[in-house]
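Asker: The numbers in this note's numbering rise by one with no breaks, and the one at position 297 of the sequence shown is 300.
Every clue listed holds true.
Below, a list of computed lysine-lysine pairs in the DSS-like style, where the Cα atoms sit at most 27 Å apart:
no. : residue 1 : residue 2
1   : Lys155    : Lys204
2   : Lys87     : Lys162
3   : Lys399    : Lys87
4   : Lys156    : Lys402
5   : Lys87     : Lys156
6   : Lys346    : Lys72
7   : Lys155    : Lys402
8   : Lys346    : Lys155
9   : Lys98     : Lys88
10  : Lys88     : Lys162
11  : Lys402    : Lys88
12  : Lys156    : Lys91
13  : Lys155    : Lys87
14  : Lys155    : Lys98
15  : Lys346    : Lys399
16  : Lys400    : Lys91
17  : Lys155    : Lys400
18  : Lys400    : Lys87
19  : Lys399    : Lys88
20  : Lys162    : Lys206
21  : Lys402    : Lys91
22  : Lys155    : Lys205
23  : Lys98     : Lys87
24  : Lys206    : Lys156
25  : Lys400    : Lys98
26  : Lys72     : Lys155
27  : Lys205    : Lys156
28  : Lys87     : Lys402
29  : Lys400    : Lys156
30  : Lys399    : Lys155
31  : Lys162    : Lys91
Derived from the structure by calculation, the hints contain no laboratory data.
What you are looking at is a predicted structure, and each value in this text was computed from that prediction instead of being measured.
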Amino acid sequence: MSFAIIFIVLSTVFHFGEPFIYLIGKEDFISVKNIELARYSIEIYNQANFFALFIQSCVVTGFLLSSNKISCSYNEFVLYDREKKELKFLIGLGKILLILGLFSYYYYYSIQIQSILNGGVYSGIRDQNYGPEIVFKPFYHPGLFMLIIGYKKNLRIVKSLIVFGIVIELLTMLSGNRSSQILTIIVLFFIYYRIISNLSKKKVFIFAAILFVFSNVLYLISSIRNYGIVKESENISISTLLNIDGFISLLAQLGSNLNVVILSIRDVPLYTSFNYGWTYIVSLVSFVPNVGGILGEMPNQYAFLNYLNTDYPLGGSYIAELFFNFGWFSFPFAILIGFVLGKFNNLIEYTIINRLWISFSLYISVLSSLLWWIRDYFSSWILVYVWISIAIYSYKKLKVINKNI
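With the hints as extra help, turn the sequences into a complete structure.
Answerer: In structure tokens form, the structure reads like this:
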């Protein structure tokens, strides 16, 4: 499965999950606030569905326009010699990034989990404004990905790293967050089944069964976030949670991004004016870590939801961001997004065929953030791309210097 297919499938799930639940008459699984928002105006709700479907079709068009034949550029002997050096390089850099990032990653989520353990509901930390304790957090996942790629010829170590990565993601789900962890697990499986082992029909069936069973646990985690661990809810008990159709509830939790599109259509331009691409331009400075708030109010301009008339913590949406900037004239930009993402998909396929593992590790690190962009903001992937590029370049230069000493 390619990045392009994963992007469109996740975009469909994130934006049309709730409309599907309305269709099958399972509104009880949907947040009351989201139901109120959907019923605010049936006309706006229908417009949001049409706009999201139209934009997604334009993105698919862009993907198709970007397709081209990918071939191998080197002979087998050259590939083997370079591959050996690149895998060794990734093991070295991956260890450094993993060590740097793991503490910050742990600290980031431990604060949220502790808040819930104390009986509160944690609203989440925005990465735009943080202290030095979590400045290295973006290095954790790229470090893990690099190690998996670097050890690709050692199946025992690869499986251990993947299990380690999945366990960490499951533990951080205790914070109540689910989407980013699920996306990370998807990327881990993408790496494994694209460059290490083939995915059989039997394994697909097993994974589907595990997902179905685990959806109940994810629903429980979400309710822990909403109701707290210490406080008992009068309406929800653990036994009730475990008996609810977890798959539908998971879809309800993940598939709420159409509400952000609804808000954008409702409030722009009546409440706030069109942004005309400013969120994309100002996001280019997001590669600067906003330690201690050194960027001032600028990070608030990354998140278009701050401009809308709502207190709902809905997050972002690349489709809603397009409407916030360009309204109904977003379609050429949607085609452009699809075209660029399609070229990115081609780069991933090219690096796999030609075993360019250093480049592949960079693209995989960005891939995770690009998938998160579906339900976040344009700025979500820039910091990772810039700093992992710098890390790779710096480590290469360091190795050259050490070799010459």
